[in-house]
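Number of protein chains: 2
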Amino acid sequence: MKIICLDLEGVLIPEIWREIAKKTKIEDLKLTTRDLPDYDFLMKRRLKILRENNIKLKDIQKIIKKMKPFKGAINFLNWLRKNFLVIILTDSFYQFINPLREKLFYLPIFCNQLKIDKAGFIKNYQLRLKGGKKEAIKLLKALGFEIIAIGDSYNDLEMLKEADFGLLFNPPKNIIKKNLKFEIVKNYQDLKFKLKSVIKK
Amino acid sequence: MKIICLDLEGVLIPEIWREIAKKTKIEDLKLTTRDLPDYDFLMKRRLKILRENNIKLKDIQKIIKKMKPFKGAINFLNWLRKNFLVIILTDSFYQFINPLREKLFYLPIFCNQLKIDKAGFIKNYQLRLKGGKKEAIKLLKALGFEIIAIGDSYNDLEMLKEADFGLLFNPPKNIIKKNLKFEIVKNYQDLKFKLKSVIKK
Chain A
720 MKIICLDLEG VLIPEIWREI AKKTKIEDLK LTTRDLPDYD FLMKRRLKIL RENNIKLKDI
780 QKIIKKMKPF KGAINFLNWL RKNFLVIILT DSFYQFINPL REKLFYLPIF CNQLKIDKAG
840 FIKNYQLRLK GGKKEAIKLL KALGFEIIAI GDSYNDLEML KEADFGLLFN PPKNIIKKNL
900 KFEIVKNYQD LKFKLKSVIK K
Chain B
720 MKIICLDLEG VLIPEIWREI AKKTKIEDLK LTTRDLPDYD FLMKRRLKIL RENNIKLKDI
780 QKIIKKMKPF KGAINFLNWL RKNFLVIILT DSFYQFINPL REKLFYLPIF CNQLKIDKAG
840 FIKNYQLRLK GGKKEAIKLL KALGFEIIAI GDSYNDLEML KEADFGLLFN PPKNIIKKNL
900 KFEIVKNYQD LKFKLKSVIK K
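Residue numbers (my numbering), protein chains in the order written: chain A, 720 to 920; chain B, 720 to 920.
One or more of the hints may lead you astray.
[To be verified] No more than 16 Å apart at the CA atoms, straight line, and that leaves these computed lysine to aspartate or glutamate pairs for EDC-like:
1. B:Lys801 / A:Glu821
2. A:Lys801 / B:Glu821
3. B:Lys857 / B:Glu881
4. A:Lys767 / A:Glu746
5. B:Lys915 / B:Glu902
6. A:Lys749 / A:Glu734
By construction, these hints were calculated from the structure, which means they are not laboratory data.
With the rest of the complex left out, here is chain A (with noise of 0.2 Å):
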């Protein structure tokens, strides 16, 4: 009875940030929290310079749905869900993930909220709690369950070290110089052989 956690930007798909700041042509929106720690001022700060830039929600949503998922990622996710059960964790935001839920099969996906205004502008986030994956981890941990995680960032950390087995898939630099922990897969290939030993456990 093994769950699999996965995260999604950066393991199924690419960085949706950095696809909005490449089709809207804003530099600035590129900016992550490896650039400024603070996710809140962050944040605040991208959802300015939508409105300063008259970009709308409806806007990014048409952007997300023409975003492909990773090369290979849907057939390893077509696998995944065959194999193990399949909860996807993101701190996206539902408005964003909505548009791509067909392409990933309409398996669950936890996230996060957006609050939209009349006229249509992002005025704010809304978190469901603090630490969401990791908390979500250790929650399905509670009900019995086995959790593989499978993530590729700092923010992805915390969830697996709470998970009883955690994945770094395809990492950035920093990540896996900082990393002493966790195994590092570079492939959806790769990624499926190590599962599959887990399986037989």
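Given chain A, put chain B in place with the hints provided.
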């Protein structure tokens, strides 16, 4: 951010033990907790009967693999997964449910586990935890989700109570008599209509 927690037997598919009784022609396997309220006694009795009749797990899996969801169930589930996050909660067992997962879009199903001996007989069962359905609802609520629970029988009433919104789907008469609290829907069309009004809230 609403999660639908959906019971399986009686809501999407017929009762599994009743089907096993029918196909093996062993009347005693029809008994449920309504006839023998002590679940442990009931289960041990079922496993004893199976062994006495030389029925192994693989024989039961063959019966289950041929089971069909109720008419309209899959269309309903398909609509449901597009509009909500869906997790199926059942007191049944992975080894029973696995042959049905494809039909159910490989959505996550929280089950219990059977212990199988070397000869392939079911030797025991293992609950993940006591009151698993209710606990699942409780912990998902603690993650900040609003939970809608749908069930049909005695063993669902606790989870319906725990949920933010509980619905009884086509329950047996004795449940209808006992129930003073939950709305009752008789078919998928009414259930969909009811849930649509919940989406709007």
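Hints versus structure:
Between the alpha carbons of B:Lys801 and A:Glu821 the distance comes to roughly 8 Å, so the proposed pair stays at or under 16 Å and holds. Proximity of A:Lys801 to B:Glu821 is assessed by CA-CA distance (about 8 Å); at most 16 Å being required, the pair is judged to hold. For the given pair, B:Lys857 sits about 7 Å from B:Glu881 by alpha-carbon distance, which is consistent with the 16 Å threshold. The suggested pairing of A:Lys767 with A:Glu746 holds, with an alpha-carbon distance near 14 Å, which does not exceed 16 Å.
Proximity of B:Lys915 to B:Glu902 is assessed by CA-CA distance (about 15 Å); at most 16 Å being required, the pair is judged to hold. Taking the CA atoms of A:Lys749 and A:Glu734, the gap is near 10 Å; set against the 16 Å cutoff, the hint holds.
The earlier numbered hints are all upheld by this structure, with none contradicted.
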